[in-house]
Amino acid sequence: MSKLPPDRAEGVFVDFKPAYTPAQAVVEANRCLFCYDAPCIKACPTSIDIPQFIRKIATGNVEGSARTIFDSNILGMSCARVCPVEVLCVGDCVYNEMGVPPIQIGKLQRYSTDAAYEAGWTFYEAGESTGKSVAVVGAGPAGLAVAHRLRRFGHAVTIYDKRSVVGGLNTTGVAPYKMKADRSVDEVEWVLGIGGIDLKLGVSVPGDVSWAELEDQHDAVFLGFGLGPDSVLDAPGADLDGIEGAVAFIERFKLGGVDLSSIRNAVVIGGGNTAIDAVRELVGLGVQNVKMIYRGTESRMSGYAHEWKAAKQEGVRVVWQAQPVAYQGEGHVTAVTCVRMDDAKQPIPGSEHDIAADLVLLAVGQAKLGELVAGLDGVETQWGRIVTDDDGATGRAGVWAGGDCRNGGKEVVNGVAEGRDAAEAIHAYLTGGA
Amino acid sequence: MADLTSNTAGIISPNPFWLASAPPANSGDQVQRAFDAGWGGAVWKTLGTPIQNVSSRFGAIRWRGNNGVGFNNIELITDRPLEVNFREIYETKKKYPKHAIIASLMVETREEWREMIKRSEDAGADGLELNFGCPHGMCERGMGSAVGQEPKVNERITSWAKEFANIPVLVKLTPNVGDILPHGLAAQAGGADGVSLINTIKSIIGVDLDNLVPQPVVGNQSTNGGYCGAAVRPIALHMVAALSRDPRFQIPISGIGGITNWRDAAEFIALGSSSVQVCTEVMLRGYRIVEDMIEGLEQYLASQGMSRLDQLVGAAVPRYTEWGHLDLNYESIAKINADACIGCQLCMVACHDGAHQCIHPNPDGTRVPVIDESECVGCNLCQIVCPVPDCISMVEVDNGYTPATWNQHVSDGATLRPKKGAH
Ligand SMILES: Cc1cc2nc3c(=O)[nH]c(=O)nc-3n(C[C@H](O)[C@H](O)[C@H](O)COP(=O)(O)OP(=O)(O)OC[C@H]3O[C@@H](n4cnc5c(N)ncnc54)[C@H](O)[C@@H]3O)c2cc1C
Ligand SMILES: Cc1cc2nc3c(=O)[nH]c(=O)nc-3n(C[C@H](O)[C@H](O)[C@H](O)COP(=O)(O)O)c2cc1C
Ligand code: SF4
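Those protein sequences? They're chains A and B, same order as listed. The opening position of the first sequence corresponds to residue -12 in the numbering used here, with each subsequent residue numbered one higher. The opening position of the second sequence corresponds to residue 16 in the numbering used here, with each subsequent residue numbered one higher.
By construction, these hints were calculated from the structure, which means they are not laboratory data. Built from N, CA and C at the ideal position, the CB exists for glycine as well. Hints may contain errors.
[Stated by the list, open to error] Reference listing, derived: stretches of chain A covered by chain B, where coverage requires no fewer than 3 residues with Cβ under 8 Å from a Cβ of chain B:
1. 35 to 43
2. 133 to 144
[To be verified] Per the computed footprint, the stretches of chain B lying under chain A, defined by three or more beta-carbons under 8 Å from a beta-carbon of chain A, are:
3. 273 to 284
4. 299 to 305
5. 308 to 318
Same shape as in the complex, but just chain A (with noise of 0.2 Å):
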């Protein structure tokens, strides 16, 4: 597997919501109610058994808290750190209806799987062989879960990824002060201790390898190769210098080096999650002035508000209701020519004005990458994501799919979800549904 360089740009965050120590976890833990048909339970993508799981830090049971994350979901240490948790498990603690504060979940749950991990606790071994072989297309969140728990059942498996690191968007894209590129590769490392998974790096899915030969050579095949490229907002002057998809930044930062010491003025451009983290990575790296610009107003952004609040407080400046029309500069970007938006995002005419701007990203989405299966006869896609059943089966027989290219760009533990609950209909199907 390839190794990341230590000199990564993403080196100077340090983690948002650091570690408990023991003797932290324990008194959080011990807060816990141990609901029964707990609601956090319910809000988890993936249903890990988090009262039963926080209990047993409280009686020093680590490991056994660490498996019931695990059993649930193989990425529990990541998710730990990069899940929303204020709107998903933390959310929905039933402190939050005394106005207690809610039971730190992710916390406790980092506490436990890095517990796992630096133990070297695996706690899952490859199934006896079947015989039968899937293909996985994708090293992100949804391919490793489908592939763990299908070498749990025995079944060999091969994932396909055309990028040389393993992981994802989680290895990639995920904001380096939740966790860095190099936690990321070691739990991929951890799940591929499993045994039996044979890693084809830097083949592109149908560039390199055809679909036929795939559905040759195997048989099955899982699709979890995530969203495509940044979107680009057609513009005069889009193709300047210092004009760049968030997602693309992101993933450079995060893998090597950058150099933002020119950088007087950047603005990212965009009101969702993506453009949230770019602009707190940007302050993060040194950058003096970052604004962000978005074409609705605070309360509309689609970017989670405890994410927007945590920006706020980092510095971040935003022009609300405004939308490029044209990028200046000669060669290199030096502003971005906004017009003013009504209530209805409707631009307003006349209100054209220019903002500073020597380094410009794009956070406006993310292409989806459903034209990739156009040789796949059966697999049909809606808005480019894939069209499945609940358990992720395309349709097209052998053929399933699940994280972002099915569900159109969710979190790390929705792919997580979707993998493992693909496995299981994929092992039904390769053995005759017993």
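With chain A held as given, fit chain B with the ligands onto it using these hints.
For chain B with the ligands alone, kept in the frame of chain A given last:
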């Protein structure tokens, strides 16, 4: 993984965790759900002539924000028809042949004991538990602790049961006695195959100060109840150990009282219990607590290099001795880890007001107290009040004195180190 199979006087269960005879083991549906959750056995809610219960029935101690540190009840034995109970025992045993079901019984006459034992055996029970422990209500009718407090009666009824029974007989002892030993020995003398202890402790859990009625309130009155839950564990541990360590006492023990997790269970087992029973924590949190108990105990055994549960049974008993055998020359003192200290100074006030006045404000003005080691008697109080784990540790001091007990001092004039803190 270590093998948790448990054998208590011939009653075999896949693990040592049993439901105690109480509301969680009241019906077939409940016991079956408990077995599904992982419990290894269940002592059925005590069977006898069905009674009528009062409302309300329970009370609990709420202490520093925790509900149910101690628990109290004034309910009696089963209020369900006997034929229903026996039928459900039969059905449950059939469905779960590997799990242990123990019929808890409480009746009065020899004939009644004969009949109840026969019906229990016909229903497929793996063992019997004679309830000589209930300290409220039933004792007023000459049963429960009224039996358990009289060694002669205990022995006589036990011998009846042994006469009628073909399956192992456990005698459930009451803690409402000055010394548990004669009662354990009485059961043994009556032929019991084992004992279980403790039942609940006679108690009044509180008083409703608005209406001046003790709790739990029944109309405008109350009565004493039975105390259980985490708070009674030390009393139960002692009673279990008091039997285990006495050479005359030779029969197995099923330990009960305040068990909430695998650690508590391991402690009971280390002091001589072959199985453990739980009531209150299940009432407070449900059957699902057993998952952690099983896992935690397996891991603990493995960490001790033990592969079978019986290797732990009684493992701590040899190190329970009399005060006169303790080494008076052993010396420990408290040390504060300044890096971990958060400056609450609870240790300081505890030592000043409740111990030996040897923890002092730091002359450097910080809130990390300093210990005058020449005065510290090593009592543990500061460590107990410290909210930060591992901040205060008790460290052994090599004072150069060879070990000497009080008994050796009295009999052979062994030299004792000078007293500390006795000015
Ligand atoms: C900037 C950003 C920040 C995010 N932050 C968070 C966060 O904090 N918390 C959170 O839970 N989620 C976050 N997400 C979302 C999360 O990362 C994704 O939902 C998740 O990674 C989706 O998993 P996946 O396996 O479906 O796809 P991906 O993680 O995208 O993995 C897909 C993999 O497929 C490979 N691939 C693509 N095309 C091909 C091909 N043709 N052939 C072979 N391989 C291919 C890719 O190289 C990639 O490795 C963030 C997303 C972004 C963009
Ligand atoms: C509500 C309640 C009812 C009980 N009923 C019985 C009973 O019928 N028979 C019996 O032997 N013990 C009975 N007990 C005592 C328990 O079996 C057990 O010995 C005691 O509660 C101590 O264990 P614990 O601390 O785990 O609760 C009862 C206890 C409670 C709280
Ligand atoms: S626990 Fe159930 S039976 Fe008891 S008072 Fe509450 S509702 Fe009634």
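Status of each hint after checking the structure:
Against chain B, the stretch 35 to 43 of chain A contributes 3 residues with a C-beta closer than 8 Å to a partner C-beta. That satisfies the three-residue criterion, and the hint holds. For the stretch 133 to 144 of chain A, the stated coverage by chain B is violated: 0 residues have a C-beta nearer than 8 Å to a C-beta of that chain, whereas at least 3 were required. With 3 residues having a beta carbon nearer than 8 Å to a beta carbon of chain A, the stretch 273 to 284 of chain B meets the requirement of three or more and the stated coverage holds. Chain A is given as covering the stretch 299 to 305 of chain B, and this holds because 4 residues of the stretch bring a CB closer than 8 Å to a CB of that chain, at least three being needed.
Evaluation of the coverage hint for the stretch 308 to 318 of chain B: fulfilled, as 3 residues show C-beta separations to chain A shorter than 8 Å, against a requirement of three.
Violated hints amount to a single one, hint 2; each of the other numbered hints is respected by the structure.
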